Amino acid sequence: MRAHVDQRQAQVLALVRARGSVRVADLARELGISPVTLRRDIEAMASRGEILRMHGVITRVASRGGTLGEPGARNGPHPAGAVGGPGRTAGRVVGMVVPTTEYYYADVVRGAREVVEARGGRLAVGLTRYLPGEDRTQADRLLSTGAEGLLLTPNWDTGSPGPGEGAWTAELAVPTVLVERWAPAGHPAASLDRVVSDHAHGAARAVQHLVASGHRKIALACQETPTTARLRAGYEAAVAALGLEPAPEWPPPAAGGAPSVADRFARTLEYLCGAVTSGGVTAALIHSDTDAIMLIPRLQARGVRVPEDLAVITYDDEVAGLADVPLSAVAPAKREVGARAAGLLLDRLDERGAEGVEGVVGVVGEAAESPRQHLELLPRLTIRS
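According to our numbering, the sequence shown is numbered sequentially starting from 1.
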């Protein structure tokens with residue numbers, strides 16, 4: 001029994017060391033153990049100085065003069081991956097620029113805040129509301145008020161910058177991590193650290209499940225958002241890899257400028273009705289949950305039964321489980337994206353602090369840092385009957 005407990009705690013410690021910080025609820029689910037059992041392990045490990053815990057998050061501790069958690073190690077009061085030693089994160093201000101703190105980004109911000117506060121810092125948020133140029137304005141404002149590093153979600157319409165767009169993000173004088181945004185190879189921002197949801201994988205996972213359920217002609221219905229390009233790429237790759245018959249093409253945008261929300265919604269409804277009644281489609285991935293919840297009764301009013309005629313999986317999983325008939329959905333790991341991005345940024349700040357405090361010899365900047373990272377977190381598919 002004792003050997004089993006020691007093995008489980010060693011596994012917890014290895015995961016915390018590798019990731020820097022992790023939510024207790026997520027760790028219990030990943031390890032397949034009860035939260036009560038995990039809390040007992042955490043209490044024992046924290047009492048031995050192997051980990052730190054705060055507000056539902058456990059983090060690794062910084063060490064000097066030994067290996068983390070081993071005898072002889074001097075464990076400081078704050079976790080880090082901290083090259084500069086214990087406590088270096090304490091008091092730091094991290095700036096975060098996001099379009100909104102509602103809907104999708106509520107969990108992203110929450111995850112970042114938990115990690116920053118668990119490591120003794122403070123998160124300051126700037127909002128852009130998707131206004132052109134506001135991302136840089138908010139970044140400059142946060143830097144002028146003391147932010148030492150930035151978590152950035154720039155206003156890039158397709159999730160990645162267009163030609164000549166966004167180079168300023170790579171020219172900032174502080175460590176910067178892109179959050180839920182991509183930059184193509186060769187773009188200056190491609191050299192930045194980034195943490196994103198792998199939306200392409202999420203879309204492909206939904207297609208795979210629908211195929212396993214017997215569907216051979218599957219549609220993708222989504223409005224144009226920064227997520228759309230990645231969803232479409234994953235959907236199309238899965239359709240090709242599984243040898244499926246393509247669904248009817250998405251209708252081209254109407255002439256006369258940007259359509260209203262009502263017009264876009266009506267266009268989606270018409271597309272799905274036609275895809276089922278004359279296009280042979282029997283299943284669809286719909287982005288987002290709210291669109292799906294609004295579309296389903298309208299589809300049924302037009303004679304398209306859900307799920308008999310059209311099986312539906314939604315993307316985002318914000319409210320899919322609250323539909324009158326709960327909907328299966330793909331859920332990006334939003335909270336974990338924010339947490340990983342914040343942990344990565346704090347590690348960069350600790351590295352930079354170590355250069356001055358420890359007298360590291362070398363070129364200050366990218367050459368003296370550990371390699372930059374591009375992290376893609378896989379969304380989870382939840383099946384509801």
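To be clear, the hints were calculated from the coordinates, so they are not data collected in a lab. Please note that a few of the clues may not be correct.
Ranges of calculated distance between the beta carbons of each label pair, as one might list FRET restraints [said to hold, decoys possible]:
#1 Val-325 - Val-5: 39 to 49 Å
#2 Val-5 - Gly-321: 47 to 57 Å
#3 Val-5 - Gly-243: 43 to 53 Å
#4 Arg-302 - Glu-43: 38 to 48 Å
Note that the structure is a prediction, hence the values are computed from the model and not measured. Just so it is clear, CB atoms sit at the ideal spot from N, CA and C, and this is done for glycine as well.
Hints and how they fare:
Range check, Val-325 to Val-5: about 43 Å between beta-carbon atoms, so the 39 to 49 Å window is met. Checking the proposed 47 to 57 Å range against Val-5 and Gly-321 shows it is violated: the Cβ atoms sit about 35 Å from each other. Hint check: Val-5 to Gly-243, Cβ distance near 49 Å, so the stated range 43 to 53 Å holds. Separation of Arg-302 from Glu-43 is about 57 Å and departs from the stated range, judged on CB atoms against 38 to 48 Å.
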